[in-house]
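Take the given structure of chain C and dock chain Z to it, following the hints.
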Amino acid sequence: MVDHLFRHQYGKMVAILVKIFGPSHLATIEDALQDTFLKASLQWRQEMPHNPEAWFIAASKNRVLDLLRQIRAREQREADFPHSSVAREINEYFLDHEVEDSQLRMLFLACNPSFSRSEQICFALKTISGFSQKEIANALLEKEETIKKRLQRARQKIKAEQNSLSYPAPSQIEDHLQGVQQIIYLIFNEGFHSNRRDSLINKDLCGEALRLCKLLLSKENFRSGAIYALFALLCFNSSRLESKVSNQEIVDLKNQDRSQWYLPLIQLGRDSLMRSLADFEDRSAYHYEALIAYEHIKASSFEATDWSAILDYYQQLYKLLPHDAVLLSRASVLLQMKKFEAARQTLNQIEASKLAARAYLYEAAWAELYSADAQWEQAKEHLQKAIKSCSNQLEQDYLKKKLADINKV
Amino acid sequence: MKDFMLLFLGPTYEELGLSPEELQERMGKWFAWGKKMEEQGILRGGDALYGHGKRVSGPDRIVSDGPFVESKELIGGYYTVAVENYEQAIEVSQDYPDFDLGGAVEIREVVKFEQQ
Chain C
313 MVDHLFRHQY
323 GKMVAILVKI
333 FGPSHLATIE
343 DALQDTFLKA
353 SLQWRQEMPH
363 NPEAWFIAAS
373 KNRVLDLLRQ
383 IRAREQREAD
393 FPHSSVAREI
403 NEYFLDHEVE
413 DSQLRMLFLA
423 CNPSFSRSEQ
433 ICFALKTISG
443 FSQKEIANAL
453 LEKEETIKKR
463 LQRARQKIKA
473 EQNSLSYPAP
483 SQIEDHLQGV
493 QQIIYLIFNE
503 GFHSNRRDSL
513 INKDLCGEAL
523 RLCKLLLSKE
533 NFRSGAIYAL
543 FALLCFNSSR
553 LESKVSNQEI
563 VDLKNQDRSQ
573 WYLPLIQLGR
583 DSLMRSLADF
593 EDRSAYHYEA
603 LIAYEHIKAS
613 SFEATDWSAI
623 LDYYQQLYKL
633 LPHDAVLLSR
643 ASVLLQMKKF
653 EAARQTLNQI
663 EASKLAARAY
673 LYEAAWAELY
683 SADAQWEQAK
693 EHLQKAIKSC
703 SNQLEQDYLK
713 KKLADINKV
Chain Z
6 MKDFMLLFLG
16 PTYEELGLSP
26 EELQERMGKW
36 FAWGKKMEEQ
46 GILRGGDALY
56 GHGKRVSGPD
66 RIVSDGPFVE
76 SKELIGGYYT
86 VAVENYEQAI
96 EVSQDYPDFD
106 LGGAVEIREV
116 VKFEQQ
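Sequence order for the protein chains is C and Z.
Going by the numbering used here, the first residue of the first sequence is number 313, and it counts up by one from there.
Going by the numbering used here, the first residue of the second sequence is number 6, and it counts up by one from there.
FYI, nobody ran anything at the bench for these hints, they're computed from the structure.
Beta carbons: idealized from backbone N, C-alpha and C, even for Gly.
Hints may be right or wrong, so weigh each one.
Claimed, not checked - Here are the simulated DSSO-like cross-link-like pairs (lysine-lysine), alpha carbons at most 30 Å apart as the crow flies: (1) K351/C to K40/Z; (2) K455/C to K77/Z; (3) K117/Z to K446/C; (4) K566/C to K531/C; (5) K692/C to K651/C; (6) K471/C to K556/C; (7) K469/C to K531/C; (8) K77/Z to K631/C; (9) K460/C to K34/Z; (10) K446/C to K7/Z; (11) K351/C to K41/Z; (12) K77/Z to K461/C; (13) K117/Z to K351/C; (14) K455/C to K34/Z; (15) K77/Z to K351/C; (16) K77/Z to K460/C; (17) K720/C to K666/C; (18) K515/C to K59/Z; (19) K77/Z to K41/Z; (20) K461/C to K556/C; (21) K77/Z to K373/C; (22) K713/C to K610/C.
What the hints assert, rightly or not - Covered stretches of chain Z, going by a simulated chain C footprint (3 or more residues, C-beta under 8 Å): (23) 11-22; (24) 30-39.
Only chain Z is shown next, with the shape it has when bound in the complex:
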């Protein structure tokens, strides 16, 4: 079993100007997806992230205010799931609710310490 991080990229609901009705509908889909993964016992954790933020960079530790990338590249949240391989992680990602809003899932394998 390996851990994979699913990173959710795309414009925030704020930018898209979703209505309360649409927000409720989206929320319901996310909730259902999370529940499904929990029942399958594959969900390791994850959170939603606010769109704004700070960045510390360079040798002088310059602090700047975000967002830092174009909205389609903005990370809105992540889940970590425990599955066998990329194929299964892709399978899990099918339920991501926001493909129709231009969102995307980036899948990255988590590096784990192995006893030699």
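In isolation and in its complexed conformation, chain C is listed as follows:
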């Protein structure tokens, strides 16, 4: 059976049914589908259908009829659902391009401006990607109860707003598209940066982000340089997902086995990046992030990295995205270039508190600066601070190893 078949089918079915019945019935729809998937998992223990996908589609069509009855009875009114030629009309909702369209609309629904960013991510993972509360909690390193509350809030808001599953008005589409891109970007980064020991769920998040981004690109009038650049960035980073962690230890960029980077994804990313630059006028932060990722990918070894090109891209990125996190990355590049004075100045501009969970990287950068100058005591002090503020076990181990190296000096 195809990997992730259930998960992907679930997302499709939710989208189709929400399109038919409207987002206010989301909870009923999700319950009905949960039941369908539960049944499949029990029935298929003994015997699998010849075409599992067709089985799900047939089951979902039956669900439509159940739901029609259920919702009508509850609302005590003739809802404006298809009536006489129900079966024929329903079939149309299940055509491939219609399904894709429904899923895209769900993506916009997830970017509902009344949701907080964290609600948007949870909502997308639950209803579009079919993650359970527990899976989301694991992936985002949150308590299951927190996720449950977020999802409840999101559902209530949708119900209160009486949304239909339509695209935003043309004047708002640009705004919403940016929201959609950001969700995809965040979902990917949750997977890419979390470095959990159980790495399976990380890969799932990255895979979902790639899938959603591809979905976005399938609609011609949504395409933009930014989306192609985002897709390129995700491809480049995904290509080295496997080499990032080895034997439960983090392998930094310097020590990764570059021959293990996954070539087809690199090629896909390169094509996408070229398109984003050649076919579109717009320039976004994703462009510069993709260009930076591509510089790393292009280099045959860590030593062969074109740091000055990367430094330049960070400069451009900072103009679009004046965040302290960008400054921190710039400082790391300056350290690589052995421009210690410039690195020190850049680090001095950063307010560590603004880096939140990444504050440990700031401390680690100071440690590196002091190490370069053989000021071991200060280096140790910063490394210890870094270890203290780092919540990730794998990252902590990595920092501790660095500290042990200094202690040997």
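Just chain Z now, with coordinates in the frame of chain C:
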């Protein structure tokens, strides 16, 4: 050769709120286990059972709606296997997929009619 019934006890997937991905993974494990037993020629039969049900009891044949026991005792399905003894039945049970979800296998020997 004797027949043993393996009864599967534990919370249903429904109660556990498994995701579609997890359901697919579980289903795959069950399928593989069933296939393995078939290839060994020891599988006599078996089914999965829904969690809800009815109970008829007492001299007045009172009908009540289930479930009737705590979820950890709920029978979610059974297989019947033909093996030599309890040791072999225990061996077969090692592949039961849901130990990690708090499930258990209860093994009972099936009474067979013997020609005297």
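Among all the numbered hints in the text so far, which are the ones the structure does not match?
-> 3, 4, 6, 8, 10, 13, 17, 18, 20, 21
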